[in-house]
Amino acid sequence: MTRVSMRVDGVTYTDEVEPRTLLVHHLREALGKVGTVVGCDTSNCGACTVHLDGQAVKSCTVLAVQADGAEVTTIEGVAAPDGSLHPVQKAFHEMHGLQCGYCTPGMIMASIDLLKENPNPSDTEVREGIEGNLCRCTGYQNIVRAVQQAAGELSGSAATPETTGAQA
Amino acid sequence: MIPAPFEYVRPTTVEEAVQAVAEGGEDVKIMAGGQSLIPVMRLRLAAPETIVDLGRVAEMRGVRDEGDVLVIGAMTTHAEVITDPLIAQHARLIAEATETVADRQTRRRGTFGGALAHADPAGDLAAVALALDAEMVIAGPGGRRTVPASEFFVDYLTTSLDEGEILVEIRVPKLSGDWGVRYEKFNRVAQAWSIVAVAAAVRREDGHIAEARIGLTNMGPTPLRASATEAALAGAPATADAVAAAARSAAEGTSPSSDLNAQADYREHLVQVLTRRAVTAAAGL
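In the order they appear, the protein sequences are chains A and B.
Under the UniProt record's numbering, read the first sequence as residues 1 to 168, first letter to last.
Under the UniProt record's numbering, read the second sequence as residues 1 to 285, first letter to last.
Everything labelled a hint here was simulated from the structure, so no lab data went into it.
Heads up, a few of these hints could be off.
[As the list claims (entries may be wrong)] Computed list of lysine to aspartate or glutamate pairs in EDC-like fashion (alpha-carbon distance at most 20 Å, straight line):
#1 B/Lys174 / B/Asp65
#2 A/Lys116 / A/Glu128
#3 B/Lys29 / B/Glu163
#4 B/Lys29 / B/Asp155
#5 A/Lys116 / B/Glu80
#6 A/Lys116 / B/Asp84
#7 B/Lys29 / A/Glu18
#8 B/Lys29 / B/Glu7
#9 B/Lys29 / B/Asp120
#10 B/Lys174 / B/Asp68
#11 A/Lys116 / A/Asp53
#12 A/Lys116 / B/Glu99
Computed from a predicted model, the values in this text were never measured in an experiment.
Let the hints inform the model, and build the full structure from the sequences given.
What follows is the structure, encoded as structure tokens:
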């Protein structure tokens with residue numbers, strides 16, 4: 001067993017883990033962060049995406065011991081402390097960017113990472129930005145719309161906080 | 001799926017890493033970004049006794065300028081390679097190919113050196129390293145040695161790294177003169193692995209192609225140079241016809257496999273088309 005300490009959604013946790021424990025299993029089973037889901041188990045689907053030191057990673061392809069000392073943000077940590085949704089969460093809701101919702105936590109975490117790097121992505125750039133995330137319910141049409149709506153809100157809110165939902 | 005149990009060691013220097021590998025027992029695996037290794041361990045295709053994680057070896061990360069050569073630390077992530085200003089300026093072909101590797105999340109963890117040491121024939125960076133005449137700096141119990149890319153890739157998933165050795169950094173000669181580059185890749189949308197890809201660097205001089213370097217991905221168990229096409233292009237006029245004619249010999253000397261994605265003869269066809277496209281774009285035609 002190896003002692004690891006990491007800050008997850010703002011709270012520091014110190015635990016003994018087996019080195020073979022995947023970060024996603026540690027988050028779900030030891031820390032109760034079940035908002036992050038296991039989809040494919042083959043590093044393809046991106047449903048388990050979290051932010052590790054601010055960067056989107058597939059938590060099924062990171063060992064918990066590798067996250068020792070790191071800052072982890074899961075889907076459970078992106079809303080404001082008062083419970084109001086992150087603009088990307090809100091946009092997925094408003095634009096119907098989901099059906100069954102299983103891919104949604106990963107989609108949202110990948111999209112937040114994308115928008116940090118590219119605040120105003122084109123349709124193609126959104127599709128490339130979330131190429132590591134699979135949705136099997138439907139096409140990606142509304143997901144792309146949601147990311148673009150969130151982009152509008154995020155860049156708009158920097159200038160004029162009262163503007164919501166503006167298309168970029 | 002969960003990997004089989006293993007001992008985990010996390011050195012912070014190359015020296016410590018070499019020592020950890022030496023002391024790791026019969027079956028040691030060196031982990032760079034883990035983006036290929038963790039998946040095969042989850043599937044229990046690999047069940048090493050010891051993992052030596054290079055994630056905290058700071059000296060293996062980053063890019064530095066050594067005059068005529070760029071030195072890329074083996075632990076530099078794909079995401080870092082894509083945004084590195086030195087690579088953008090002196091080795092843009094690497095950045096262009098790296099942008100096609102896997103997906104955003106995987107590029108955050110996966111590393112340049114890890115991909116080269118893994119030596120998957122469908123991986124994109126080996127052909128680029130070969131085309132750019134890169135050299136691999138390897139550390140082992142006996143000290144360091146340097147191996148040219150042309151001798152580094154030995155076979156399917158096999159390099160000239162000996163047991164106990166670690167790929168530390170990659171030396172990439174800067175391209176000097178009027179070079180254009182292009183990475184042309186053919187893959188299934190749902191899988192970023194190349195079915196075939198072509199890395200081309202072309203130097204133009206007075207309306208002619210003075211020199212072309214062409215690396216081929218997935219046209220055999222190792223990356224290959226399209227030597228016949230390179231020879232045909234040297235001194236050729238920089239025209240679409242001359243490029244098309246030269247590209248027809250791109251499959252010479254290759255030995256592509258047949259698999260679910262493509263038969264060998266289809267790969268031989270693809271490589272000619274992609275070579276024509278890559279050289280045409282790199283030559284600015």
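Hints the structure fails to honour: none
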